[in-house]
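Listed here are the chains, written in short residue letters.
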Amino acid sequence: MDEFVDISLTLNGRPVRRRVPVRQHLVDFLRTELGLTGSHVGCEHGVCGACTLRVDGRAARGCLMLAVQADGCSVETIEGLTESGEIADLQEAFVARNALQCGFCTPGVLITAAELLGRGQPMDRAAIRAFMSGNYCRCTGYQAIVDAIEATLRARLERAASTGDGGR
Amino acid sequence: MKAPSFRYVRPTSLEEALDVLAQADGQAQILAGGQSLMPMLAMRIAAPEILVDINRIPELAGITLENDLVRIGALTRYVELEKSSVVAEHLPLIARALPHVAHVAIRNRGTIGGSLSLADPAAEMPACALALGAEIELVSKSGVRSVGAEDYFLGLYETARQPDEILAAVRFPAARSGSACGFYELSRRHGDFALAGAACTARVEGGALKDLRVAMFGCDDRPVLAKKAAAEVERRGTSPEALAAAAEVLAEDVAPTDNVNGDAETRLHYAKVVFRRAVAMLLESTRG
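First to last, the sequence lines map onto chains H and X. The numbering used here numbers the first residue of the first sequence as 1 and each following residue consecutively. The numbering used here numbers the first residue of the second sequence as 1 and each following residue consecutively.
Just so you know, these hints were derived from the structure itself, not from any lab. Remember, it's a predicted structure, so these values are computed and weren't measured experimentally.
One side only, chain H facing chain X, incomplete, derived with CB under 8 Å: (1) His45; (2) Gly49; (3) Arg58; (4) Arg61; (5) Met65; (6) Val68; (7) Ala130; (8) Phe131.
For glycine and all other residues, C-beta sits at the position ideal for the given N, C-alpha and C.
Full structure from sequences and hints, please.
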């Protein structure tokens, strides 16, 4: 018999309260309970990265956290990041460079890439690949993904250098 | 791939957590960063009656430097270690190992105490603890005890921690001037489990290595100090030929078996490669 717990969290900037089974992981909660299907369920054991979302400002595997653990946390999904426009430039670069085909990995890839961009540090392609190594893509061969991230990072750093605003 | 049913407890103090463990009769599992336990639950390798989530116990996290010892709370996440100036300055071996620990999203959640508690034979932190001669603090209702890393790792996923104990912290000796370290890991892809790895420390005196400690990981059922091979390095010197000859002794230190990463012979070869490269990196670091 499943145990249930009441949780309240901030989801994409809005308060949410729900009663969850304690064994349910965060992605299942978001998808089945809240209808936010942008976070994908791939391997369900932390390897593929398709469920990557943001918890308290940092990228995390949604399948490696219980929903009950998000109690009191701020959770952001691809829906929230898209809505806020935070990664609009990155998403445009993904489209421009064909950095996705089937799109299954893309939400997770974008959230990991958003964390890379958020550091505001110059990175070469090898460093970008190492940073992105926890997100599997079975279509693109990664080349175009690295292209898109590299181009967005360069554009943000150039913009930051010219305006001195840190690229945000 | 869904976790089995369990009772979920989220204590907010160490005392409360110890009470739960004391009453659980060995049927509780501690949830820290969850980056290994959650997959084990999903695959039903782990099926505890009670899950004790220690993530809301603030006293378990944090990094402090006191009297040449760096004390790291068990709940300190890899990302905190990466950002820590204390770690960068006083624990250069850990700093070198961190980029090899899984991937960014995992490092954002995973904890040092979780890694030391799970004792995966291919993990980086247990090997670093062994190379540095760390002391592991285990707390129970009856008090605190410290166990040296050499007595802590007992076998495959097996440690000296008892079911009623919580690993509260790990204490590392801060690096001294004149000491050096090296770290090398072979993996199929950045962040994947190590095929084999070596973490080493030594004092450098007049160009020679003293007190060389090389902890091998992914080479046996637990992290292992390559004592015989390290003694050979001290005896033979540090030329590439001497290191290669010393590495040949590794079969007396580690006993890899056939597994998915290769047969025993192949894995022993990996061990020799990472031994040589880690010691070479240590030497390289002393040449500034």
